[in-house]
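So the sequence lines, in the order shown, correspond to chains A and B.
Every position in the first sequence, counted from 1, becomes a number in the working numbering once 1106 is added.
Every position in the second sequence, counted from 1, becomes a number in the working numbering once 1106 is added.
For the record, the hints were derived by calculation from the structure and aren't laboratory data.
Be aware that a few hints might be false.
As the list claims (entries may be wrong) - Computed list of lysine-lysine pairs in DSS-like fashion (alpha-carbon distance at most 27 Å, straight line):
#1 B/Lys1185 - A/Lys1146
#2 A/Lys1146 - A/Lys1296
#3 A/Lys1185 - A/Lys1422
#4 B/Lys1185 - B/Lys1385
#5 A/Lys1185 - B/Lys1146
#6 A/Lys1253 - A/Lys1422
Number of protein chains: 2
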Amino acid sequence: MLRCVLANRKLDLPPGVLQPREAVLRMAPYSPPTGGRAGKLRLDFNENTVGASPNVIEYLREHLSADGLAVYPEYGEIKQELAGFFAVEPDDFILTNGTDEAIQVLVNTYIDDGGEVLLLRPSYAMYRFYAEVAGASIREIPYRAQKLAFPLEELLDAIRPSTRAILIANPNNPTGTGTSRAGIERILEKATNAAVLIDEAYYEFSGISALPLLNDYPNLFVSRTFSKVYGMAAMRLGCLFSQSGNVEFLHKAQSPYSVNTVATLAAHAAIQDRAYIEKYVTEVLAARELLYVGLEKLGIPYYESNANFVLFEAGKRAIPVRDELRRRGVLVRDRSYEIAGCVRVTVGTRDQIRRFLGELEQLW
Amino acid sequence: MLRCVLANRKLDLPPGVLQPREAVLRMAPYSPPTGGRAGKLRLDFNENTVGASPNVIEYLREHLSADGLAVYPEYGEIKQELAGFFAVEPDDFILTNGTDEAIQVLVNTYIDDGGEVLLLRPSYAMYRFYAEVAGASIREIPYRAQKLAFPLEELLDAIRPSTRAILIANPNNPTGTGTSRAGIERILEKATNAAVLIDEAYYEFSGISALPLLNDYPNLFVSRTFSKVYGMAAMRLGCLFSQSGNVEFLHKAQSPYSVNTVATLAAHAAIQDRAYIEKYVTEVLAARELLYVGLEKLGIPYYESNANFVLFEAGKRAIPVRDELRRRGVLVRDRSYEIAGCVRVTVGTRDQIRRFLGELEQLW
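So that you can see chain A by itself, here it is in the shape it has in the complex (with noise of 0.2 Å):
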């Protein structure tokens, strides 16, 4: 349908289409396979893969009226409930539509077209996205092919004063792996006139976060989730810490109802319950040796993982392995061209791990 010759600047577009923006003309359609998922073991997207809280459900079935899903979103009392959970000041965040639209409203505030951004590779696709949308000059640093370290050197040699942006996950989704606080801090101290983004997704399976290093550093930003441990990711919603001087810029380049009221209501619920998310935390990290030991096993090579998602090396057989399984009802991602052979497999519980290291043995 569309044929788009870079060299020189030569696009064919079907007659009648409107001419888009080169940056969007460029960039590669991303459409993750989330369609046909219901009744499987979805170990495909990080997710809590029991479900939110069940005092999130019994509160929004209380607290839905017909009359308040008519008024537009408030969040005043949530910001105040969420900054006693984390610990700082309702002017040191913004309630996102999900982590997505804290990168976004990231990159909207601080880069301009052609801009540089530093990423890792491989890393969560959604940074590259919105920094592709808004024409940055994007620079790549890889994961170190041993065990898929963090690139803690490479990065820092990568810094330079025109920097305006690195975005990272830590832990990484799909290595897994991710750098201590005292590597965040040496990130930070180079990159001044960067926003520097750490994106802790998975922080409840790691334990290290840049969140109390939020005084010391004026370009730091920490964006959390109600997306994975959590089990909302339904509800879409995240949230983006800076020093509040930057959160009012954030505020400002951020549409003021992007986040839906029963997110709002269910955070609400869901940080009563503390003992829930400490429960599917132990379990996940139980079911972790689990896994390691069972592919151990198999002799499946793996690379051993902070957070609720493992990487193991199916080589050509990453996508047949992937089917197979699905076939099964087991759902797992294929990051094979990411990383050479690999397949990831989310973290659940421990009887759904051995479920899903039996049909992977039957299939090996």
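Since the structure of chain A is provided, determine the placement of chain B on it from the hints.
Coordinates of chain B only, in the frame set by chain A:
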């Protein structure tokens, strides 16, 4: 806190604040006053003043589950259903996080830094907002002083080959006025290089839509929302329609999960209950007549509207009138910063308008 002298680009930021983009520095903060509305008669945001259909709440209570909340949104089924409802194909639109995201995606798809965007003035604030974030070159055409009529000839005169987008609400907020389908066709025929957005947030009250023109004009984009007559502002759901060749590019410039699952469940239930919407529209149109009569009795000039809100002239008393109404439990919006002396009142039910008129009479 922030001084911004544009003439000589002098920008004094507080120490330790990271320098944002100049486009963001220049923007005025947009903070709609949405706190503390509970328990008051909300005639300030053009919402459905009685709430969503009870079927929506019933459906949500039945279909929300802790497991379902944990799963990333899937849009296949609801897109099929909405395509049927709007009499288009599923490839002819994207779901959006309210109309706000429709505007944002359109701007991100077509407007490069410095790209020319035409707006009408006054109009919905988010057109200017997203155009400014994108660094667009904005030209504004004022509504006519006489009856705040749609400035069709003036807009046609302003269109140039370099015009890349025209963002129009029809009917317009806050004027309540609009143009005919023939007027829209004249714009589409002249602005062949531009993405022409017809924002039909208030369509159900005017009955005039550009949607049937979709197949005829590859530069036409139409947005609809569930935030107004459907009583679902809390949920954040809209649709952006265009020919499928354009939608392919809109899709590329949109993040994959911007609409939450609960909104899609609510939409499924909402479109089953057409009778509820028709009844509410009939009620609002009757209440609008009642409002006109009441304002005339009080000798208060107003502008005739094609939507569920009406501007009336309070002169120098605009802000005091708004404040006094608030003290009496009735919320309206001051628009005197846009149209001298004007206050906007949302039209709800006849009972609600009787209450509004009663309070207004006492303080007038």
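We went through each hint and held it up to the structure:
no.	hint	result
1	B/Lys1185 - A/Lys1146	holds, 22 Å
2	A/Lys1146 - A/Lys1296	violated, 46 Å
3	A/Lys1185 - A/Lys1422	violated, 48 Å
4	B/Lys1185 - B/Lys1385	holds, 25 Å
5	A/Lys1185 - B/Lys1146	holds, 22 Å
6	A/Lys1253 - A/Lys1422	holds, 20 Å
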